[in-house]
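Going by the working numbering, the letters in the sequence shown line up with residues 4 to 214, in that order.
As a list, the in silico DSBU-like pairs of lysine-lysine whose alpha-carbon atoms are at most 30 Å apart:
1) Lys196 <-> Lys167
2) Lys167 <-> Lys63
3) Lys63 <-> Lys102
4) Lys102 <-> Lys57
5) Lys102 <-> Lys196
DEER-style ranges, computed between Cβ atoms:
6) Pro145 <-> Ala120: 21 to 27 Å
7) Ile64 <-> Arg160: 29 to 35 Å
8) Tyr182 <-> Ala25: 15 to 21 Å
9) Gly98 <-> Asp181: 40 to 46 Å
10) Asp60 <-> Lys167: 28 to 34 Å
11) Tyr182 <-> Gly19: 27 to 33 Å
12) Asp185 <-> Arg61: 41 to 47 Å
13) Glu202 <-> Gly73: 32 to 38 Å
14) Glu186 <-> Gln144: 15 to 21 Å
15) His9 <-> Arg61: 18 to 24 Å
16) Asp185 <-> Asp66: 39 to 45 Å
17) Ala100 <-> Pro145: 35 to 41 Å
These are calculated hints, taken from the structure and not from any lab test.
Note that the Cβ used here is the ideal one computed from N, Cα and C, for glycine as well.
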Amino acid sequence: MGTDGHGITTLVCFMGCPLRCAYCLNDRCHEEIYSYGNNGLSLKKGIIQLDANKLYDRVKIDDLYFQATGGGICFGGGEPTRYAGFIEEFRQICGNAWKITLETSLYCHDDIIRQLAPIVDHWIVDVKDINHVIYERYTGQPSRIRESLNVLLQTCRVENVTLKVPLIPGYNTDYDVDYSLDELERMGFTNFKCVHYLERESKYHPQIKEL
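Starting from the given sequences, assemble the full structure and let the hints guide the process.
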């Protein structure tokens, strides 16, 4: 409770992400959705393909819990901003009684942020690192996190945004984390969650502890 949003929250993970983070917490999101077998093309085990109505039918069983605790749905991934239209449609179906949280890298076009701003109640943004050199080395993509966060400031209430700032072994240091926090505070953000990735044998499943 409370990890992926306020109150009792159901996490819905999308497939696909434009980033290739060295410590990806859900590396399966990069896999192919379909597999080929004796019966032809089929969805891989553990992957479900649903439209917004079918998703609502599956999660509405917890409606009373969502409303009693101020919870709802957290869309994660993968990168949920790639499915902005789906999230928009889901909001129309579930109404405003449920809280919608987005756990995102915010690696998307500015217009997507503006499209989702009226729909999303709370944003959990994985900043990675504010230093563009560290960001690109870690994710494999050029950083535009400052630009995206500025759009978020223009379209959302700052208290509805939580920024996740990780200490990433081999990529940044305590100094880099402190620098990111200072820069983000100067931008106007107030809610932060600092985590520490602990190296393990598999780089895709690091242990995490809150600092």
